[in-house]
Amino acid sequence: MVFVPAMTKEASAGESAVGKGSAITDALQIGEITALGKRQVTIKTKFEKTAKTYELHLLPECYVMTAKRADFKKFSELKKGDLIAAYGWFKDGKWNARRIDILDANDYLVKRLDSDAKAGVYYKHEQY
Amino acid sequence: MKKAFALSLATLIALVSFAVSADAKTTVLTPFDKRDWHVIASQDSDAPLRDYAILYDAGGVDGAIGVIGIPSMRTYRHIKCGVDLHNFPFSGSNAGNNNGTPDGKYLYVSDKGSDTIAEVNLQTGWTERIFALPKPFGIHHSAALSPNGKYLWATGELTGKMLKLRLSDGATTVIDVPPAPSAPDYPDTARDGSYVFSGNYYHSTVMVFQQDPFKLVKEIPVGKNPHGTNVSPTNRTVAVCDKLSATLSIIDVQQLRVRKVIPTGAGPLHNQWDTLGKYIYQSCFVSDSTSKIDADRGQLVDEFPIHYRVGHNSIAPDNAYYCSQNKFSTGLFTPTGIVFAVNFELQDIDESSPTYGKSVKLIPVDGEPHEGRMIFANYIQRWNTGKGAELFTKGYDLGDVHIEFGQAGTPGLKGVRPQLEPKHSDNVKKVWIPRDDGKPGVTKEGDVYVVRVKAFSYGYVPRFIHVPKGAKVRMILTNIDKASGLTKNPDVTMGLAVYGYYGMRTMLISPRGISQMAEFVADKAGEYEFFCQHFCGPLHLEMRGTFFVDPPGGQASLANGDYDSVSMQEQLLDEAESEFLVGTNKLMNTLKEGNEPTI
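As you go down the protein sequences, you meet chains A and B in turn.
Per numbering that gives the first Met the number 0, the very first residue in the first sequence carries number 0; after that it's consecutive.
Per numbering that gives the first Met the number 0, the very first residue in the second sequence carries number 0; after that it's consecutive.
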């Protein structure tokens with residue numbers, strides 16, 4: 000016999016983000032840097048149907064590195080146009096970055112996301 | 000004259016051409032630190048001396064963490080931790096995929112045999128602390144780190160409990176997850192601090208817990224006997240291996256319901272998400288394969304053959320390699336003893352590589368490894384070049400973020416770096432004997448309680464064993480399997496480990512034709528599950544029984560036993576090291592739930 004308690008308020012969470020492209024509540028954002036502030040970056044998302052803009056705030060413990068070989072960088076080495084993957088979470092109206100990876104445009108996975116998007120299979124538009 | 004001049008000119012041109020071409024062929028040496036495994040131009044040495052990533056594996060019955068270079072697959076060292084290691088997260092944050100966002104300081108490995116969690120310092124390469132969990136518990140996995148890195152969730156598979164642990168001091172909250180039988184198994188945490196997910200193979204569900212306050216909020220029915228349960232790096236979905244249904248269930252994290260069930264391979268056990276949340280790589284034990292699932296399409300898009308019964312798996316932090324951590328080595332390797340080496344098989348998963356999908360390395364591995372996670376090698380500092388004192392006292396930098404041990408609010412000891420070497424056995428005599436064909440059960444021979452247990456795919460006879468407290472016990476394990484259930488591996492090895500206090504006194508292993516015997520005194524009362532600690536097939540995890548050490552005048556149960564005493568775990572370390580044991584029953588339910596934020 001399987002125990003299935005009544006759904007609680009916490010468990011009846013919100014609207015699904017699945018299949019609708021990126022959401023501010025996602026824990027991973029991929030995009031190109033369009034602006035840089037004081038430990039703050041603005042990105043325009045890539046590989047989805049409609050690009051979105053997010054402002055990311057780096058937590059004090061957030062580090063920056065290259066995704067390929069983890070060459071650790073200083074925040075000041077980030078520049079506009081860099082394609083990044085940011086890992087973190089949305090809390091209190093802010094997207095808090097815990098790690099930033101500078102992606103390599105020649106990486107097979109980046110190329111795959113790009114070619115899939117061109118073929119109509121967009122990132123974060125899960126087909127289910 | 001003209002002819003001589005033309006000849007001279009031709010000779011000169013030829014010499015210049017030769018000089019240019021010779022110069023063009025001069026090898027440009029890649030700087031040592033930038034050298035890549037794939038560089039095939041001749042170098043000043045014939046092999047790369049550094050690996051770009053390190054695979055740490057929880058070595059199962061080896062009781063040690065294996066440290067293996069990627070992609071060379073050379074074993075660098077073993078770090079002794081305890082009795083039967085299962086899995087771990089790296090310290091830092093759970094942001095990202097299974098490898099998380101490491102800070103390079105620690106990993107926290109669950110020890111199913113001793114019912115503890117060991118803290119391993121990645122920088123020194125030694126075990127530093129042992130978290131002595133409240134008893135009775137029966138840990139299986141400890142893979143679930145909070146986003147802020149301050150808490151850990153562990154599953155009490157053997158008693159039907161879940162635990163939240165504060166890493167700074169070992170304080171815990173333990174909750175029951177009824178109804179029995181209940182086996183919370185492989186956990187993972189939502190990346191936004193909301194939930195903890197754990198498969199429960201007895202319920203065929205994924206249990207959903209709130210992180211803070213810690214409580215069960217829902218069970219989601221999935222396929223039969225789920226095992227690997229992994230949250231995507233995007234935090235949108237959870238991938239669940241439906242072990243006996245040969246499917247992958249995709250759970251929506253926001254709506255807490257199954258969105259899609261994808262047929263994959265037979266006997267799916269574990270998942271690895273790549274770092275961008277595009278693909279899920281799933282190990283399939285029965286079909287000997289890796290299934291590659293496209294998370295955007297919701298489809299199986301590729302399948303790679305694996306040579307030897309894959310169990311756990313791991314993925315390189317740059318998504319270039321994937322390691323199948325195989326459970327059998329039938330017909331492979333030179334024999335080196337009664338128990339065979341298992342093996343790791345490295346696969347190239349870079350779609351742009353000419354060897355994409357191929358196995359590129361296969362190495363023997365001792366122990367019976369479980370979880371593996373990989374980290375870029377340059378998180379680990381060079382301590383042996385005169386900078387040790389600075390690293391010891393000041394820490395190190397990852398870019399412009401400074402990492403040090405003992406920072407306020409972070410786990411770790413300040414000032415000292417212990418070098419613990421937990422014991423693998425204690426007050427026990429263990430011997431190999433020829434196959435014992437005595438009748439299974441408990442008999443009394445003189446003042447010794449002789450316990451004969453027969454193990455087969457997938458169970459024990461007897462399943463319930465009673466001895467009185469204080470009994471001298473002679474336990475004999477005999478493998479009566481003809482092969483290994485569905486998979487027919489002739490080299491199937493059976494195990495029997497009584498978790499916790501008796502873990503170090505049992506840990507019996509029996510290949511076919513050989514029995515193993517242990518003699519010890521059952522001096523702590525209680526109800527202790529025993530389990531097969533040596534992978535034997537798809538239902539290996541479900542192979543369990545119970546060892547009751549009955550107190551005078553009563554029967555042991557989960558409420559009646561010497562649990563305060565066994566929670567102290569004194570036997571695991573020498574007395575002089577006891578200050579490095581933290582936790583125990585004294586700190587049970589001392590978390591300020593609702594005020595222990597996880598992000």
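Derived from the structure by calculation, the hints contain no laboratory data.
Owing to the predicted nature of the structure, the values given are computational and were not obtained by experimental measurement.
The reader is advised that the hints may include incorrect statements.
Said to hold, decoys possible - Listed below are the simulated DSS-like cross-link pairs for lysine-lysine, each with C-alpha atoms no more than 27 Å apart in a straight line:
#1 A/Lys-117 to B/Lys-471
#2 A/Lys-117 to A/Lys-72
#3 B/Lys-468 to B/Lys-428
#4 B/Lys-357 to B/Lys-422
#5 B/Lys-591 to A/Lys-90
#6 B/Lys-471 to A/Lys-72
Against the structure, the hints come out as follows:
{"no.": "1", "hint": "A/Lys-117 to B/Lys-471", "verdict": "71 Å, violated"}
{"no.": "2", "hint": "A/Lys-117 to A/Lys-72", "verdict": "31 Å, violated"}
{"no.": "3", "hint": "B/Lys-468 to B/Lys-428", "verdict": "19 Å, holds"}
{"no.": "4", "hint": "B/Lys-357 to B/Lys-422", "verdict": "40 Å, violated"}
{"no.": "5", "hint": "B/Lys-591 to A/Lys-90", "verdict": "21 Å, holds"}
{"no.": "6", "hint": "B/Lys-471 to A/Lys-72", "verdict": "61 Å, violated"}
Comparing the model with each earlier hint shows violations of hints 1, 2, 4, 6; every other hint is respected.
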